[in-house]
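Visitor: Residue strings, one per chain:
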Amino acid sequence: MAVYKRTYKGYEGGLTPGWSRFLILPRYSYARLFQSKVLLMFLAVCAIYPIGATLFLYIAHNLSFLEALNIPAWRFVDINEKFFVYFCNFQSTMAFLLTAIVGPSLVSPDVTNNAMPLYLCRPFSRTEYVLGRMAVLMNLLAWITWIPGLILFCLQWNMGGWAWAKNHLWIASALFIGLFTWSVILSLIALAVSAWVRWKIAAGGLILGIFFAGAGFGAAINAVMRTHNGSMIDIAQMMSTAWGQLFHYDSGNGISAAQAWSALAVVSALSLWLLSKKVRAFEVVK
Amino acid sequence: MESVIELSGLGVRFGSRDILKDLRVSLSGRSIGLLGPNGAGKSTLIQALLGFCPLSSGTASIFGNDIRRQQKTIRATVGYMPENDSFIANLTAVSFIRMMAELSGLPKDAALERAHEALFYVGLGEARYRTLGTYSLGMKQLAKLAQAIVHGPKLLILDEPTNGLDPPARIRMIKLIGEMRHSGNMRIVLCSHLLRDVEETCEEVLIMKQGRIVHYSNLEEERKANKRFVELETRGDAEGFADAMTALGCECASAGFGRFKMVCPEGFDLKEIYRHAAMKELQLRRLNYRRDTLEDIFLKAMES
Chain F
1 MAVYKRTYKG
11 YEGGLTPGWS
21 RFLILPRYSY
31 ARLFQSKVLL
41 MFLAVCAIYP
51 IGATLFLYIA
61 HNLSFLEALN
71 IPAWRFVDIN
81 EKFFVYFCNF
91 QSTMAFLLTA
101 IVGPSLVSPD
111 VTNNAMPLYL
121 CRPFSRTEYV
131 LGRMAVLMNL
141 LAWITWIPGL
151 ILFCLQWNMG
161 GWAWAKNHLW
171 IASALFIGLF
181 TWSVILSLIA
191 LAVSAWVRWK
201 IAAGGLILGI
211 FFAGAGFGAA
221 INAVMRTHNG
231 SMIDIAQMMS
241 TAWGQLFHYD
251 SGNGISAAQA
261 WSALAVVSAL
271 SLWLLSKKVR
281 AFEVVK
Chain V
1 MESVIELSGL
11 GVRFGSRDIL
21 KDLRVSLSGR
31 SIGLLGPNGA
41 GKSTLIQALL
51 GFCPLSSGTA
61 SIFGNDIRRQ
71 QKTIRATVGY
81 MPENDSFIAN
91 LTAVSFIRMM
101 AELSGLPKDA
111 ALERAHEALF
121 YVGLGEARYR
131 TLGTYSLGMK
141 QLAKLAQAIV
151 HGPKLLILDE
161 PTNGLDPPAR
171 IRMIKLIGEM
181 RHSGNMRIVL
191 CSHLLRDVEE
201 TCEEVLIMKQ
211 GRIVHYSNLE
221 EERKANKRFV
231 ELETRGDAEG
241 FADAMTALGC
251 ECASAGFGRF
261 KMVCPEGFDL
271 KEIYRHAAMK
281 ELQLRRLNYR
291 RDTLEDIFLK
301 AMES
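Those sequence lines, one after another, are chains F and V.
The first sequence finishes on residue 286 if you use the working numbering, and the numbering steps up by one all the way, no holes.
The second sequence finishes on residue 304 if you use the working numbering, and the numbering steps up by one all the way, no holes.
Among these hints, one or two may not hold up.
Stated by the list, open to error - Reference listing, derived: stretches of chain V covered by chain F, where coverage requires no fewer than 3 residues with Cβ under 8 Å from a Cβ of chain F:
1) 84-90
2) 95-105
3) 236-244
As the list claims (entries may be wrong) - Listed next, with one range per pair, are the computed distances between beta-carbon atoms:
4) V:E2 with F:A44: 46 to 52 Å
5) V:P37 with F:G13: 41 to 47 Å
6) F:A223 with V:P54: 54 to 60 Å
What the hints assert, rightly or not - Below 30 Å or equal to it, Euclidean Cα-Cα: the simulated DSS-like pairs (lysine-lysine) are:
7) V:K271 with V:K209
8) V:K261 with F:K278
9) V:K280 with F:K9
10) V:K271 with F:K9
11) V:K209 with F:K9
If you are wondering where the hints come from, they were derived from the structure by calculation, not from laboratory data.
Backbone N, C-alpha and C fix where the C-beta goes; we use that ideal spot for every residue, glycine too.
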């Protein structure tokens with residue numbers, strides 16, 4: 001419309017499908033997030049381990065290259081579940097740090113600026129809002145956790161051949177389920193904290209605190225009560241136990257996989273409940 | 001005329017407190033004013049209509065769509081300008097309005113075009129690339145209006161749109177609302193405790209008090225009815241004039257110093273006043289049809 005024709009007119013054009021609208025939030029969030037050099041640098045750091053692991057895979061399958069460098073081949077272990085567990089442990093730590101950086105800015109600006117009524121007065125539900133905000137973090141976490149994990153698996157498949165792939169296919173599903181679950185837990189906790197703590201730095205600190213304080217209290221309960229139930233409030237230990245079941249190893253945390261999965265479900269449910277209390281268009285002041 | 005909003009025993013309760021009680025009315029005007037003192041339940045009514053708060057009883061419909069069952073349909077046809085500051089501080093105005101348009105279902109390109117149009121329309125064209133956090137209060141109000149109209153809603157709900165505006169900005173806001181009303185494309189619900197805003201922009205008024213509807217009126221009809229109210233100022237011996245008017249069927253009261261207030265009966269010919277004044281050699285210095293202002297209507301409603 002020409003600037004001089006400043007009259008109001010309605011909109012007659014077509015509309016986008018309702019199911020796709022939650023994807024609008026990540027698009028605008030990324031435009032803002034990727035202006036941060038710190039985030040870009042951190043994402044580059046997150047790529048170091050997967051790149052190193054790729055080199056390791058290449059070298060492990062090219063012993064002539066090792067001989068040329070006079071390195072004994074026995075130093076290179078077999079590529080099995082342990083290789084992927086190390087990958088999971090390292091990348092899940094990076095995912096945790098990434099969550100502490102990105103998470104606080106997801107919901108808190110909307111709550112602080114009272115923007116919820118603007119989202120929710122449109123054909124856009126609270127569930128879609130949470131899905132949209134979660135997608136911001138889930139997508140970033142996917143690119144540093146299960147996507148490179150599955151790429152590594154595919155590389156190993158390519159170099160190790162069908163025989164290896166047939167015997168280790170369960171590792172791919174363990175990788176995906178384990179890291180995807182970790183991403184969901186991190187995202188939900190970050191969203192809940194971001195919804196309740198409006199100051200970004202405090203929210204980032206609280207996300208870190210939930211894990212470290214949980215680990216500290218859990219260890220204290222275990223030591224004082226001479227039990228293993230303290231691990232139930234240590235999210236990292238719960239996840240480690242769940243991974244133990246997925247990757248067929250004993251995590252040594254003393255709690256069963258069923259207990260760990262149940263506790264993770266409770267953490268998720270609690271985070272969703274906290275979110276539902278804040279992600280609403282109005283607040284009743286008592 | 002198509003009913004815009006229909007309330008059928010609508011009730012809202014927070015805890016043990018009834019905020020809205022058994023509201024029943026059908027509103028069909030082009031611009032509807034929601035009036036009431038602070039705490040009357042105006043904003044809660046709007047929030048209930050938008051499906052923000054659960055209903056404790058009854059229901060309501062907007063353009064025939066039930067607010068309990070067809071929330072998405074309703075929200076697609078409504079534009080809402082909230083009362084409080086509502087924005088995303090670190091976005092530019094054009095990005096913010098574009099995002100809101102996209103969330104309403106507009107494709108990316110159309111949303112961008114409409115965002116520019118809406119910002120120019122409300123008068124923020126030159127400031128559209130500034131972040132909203134740097135806007136003054138008046139500019140934020142205009143940005144809120146822009147996000148409410150960007151998707152071309154059929155019903156525009158404005159909650160205290162002139163809050164915090166200086167007089168020129170207020171006049172501009174009222175003018176914009178008037179223009180949108182006259183564009184014929186949308187119906188407007190204006191919620192305000194400022195009588196002047198409602199008087200200048202609305203055809204129908206719903207007055208609320210303590211969660212109840214205490215008065216509903218069509219302002220134009222109300223004003224016509226008030227033409228029977230006459231104020232007189234006379235000079236000379238006015239003795240017996242009031243009695244003569246009463247004998248003609250008027251309700252007449254002396255306000256002292258030759259001033260009279262009269263409510264004339266239906267079909268009363270005002271020439272009778274001049275004739276009686278001439279008979280008594282009474283000078284008529286002033287004769288006014290006293291129009292009831294919205295303030296009078298409001299005060300009557302509050303007293304009822």
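Visitor: None of the hints should be skipped; say for each whether it holds.
Guide: Hint by hint, here is what the structure shows:
no.: 1; hint: 84-90; verdict: holds (count 7)
no.: 2; hint: 95-105; verdict: holds (count 7)
no.: 3; hint: 236-244; verdict: violated (count 0)
no.: 4; hint: V:E2 with F:A44: 46 to 52 Å; verdict: violated (59 Å)
no.: 5; hint: V:P37 with F:G13: 41 to 47 Å; verdict: holds (42 Å)
no.: 6; hint: F:A223 with V:P54: 54 to 60 Å; verdict: violated (47 Å)
no.: 7; hint: V:K271 with V:K209; verdict: violated (41 Å)
no.: 8; hint: V:K261 with F:K278; verdict: violated (57 Å)
no.: 9; hint: V:K280 with F:K9; verdict: violated (61 Å)
no.: 10; hint: V:K271 with F:K9; verdict: violated (49 Å)
no.: 11; hint: V:K209 with F:K9; verdict: violated (35 Å)
Taken one by one, the earlier hints fail for this structure at numbers 3, 4, 6, 7, 8, 9, 10, 11, listed in ascending order.
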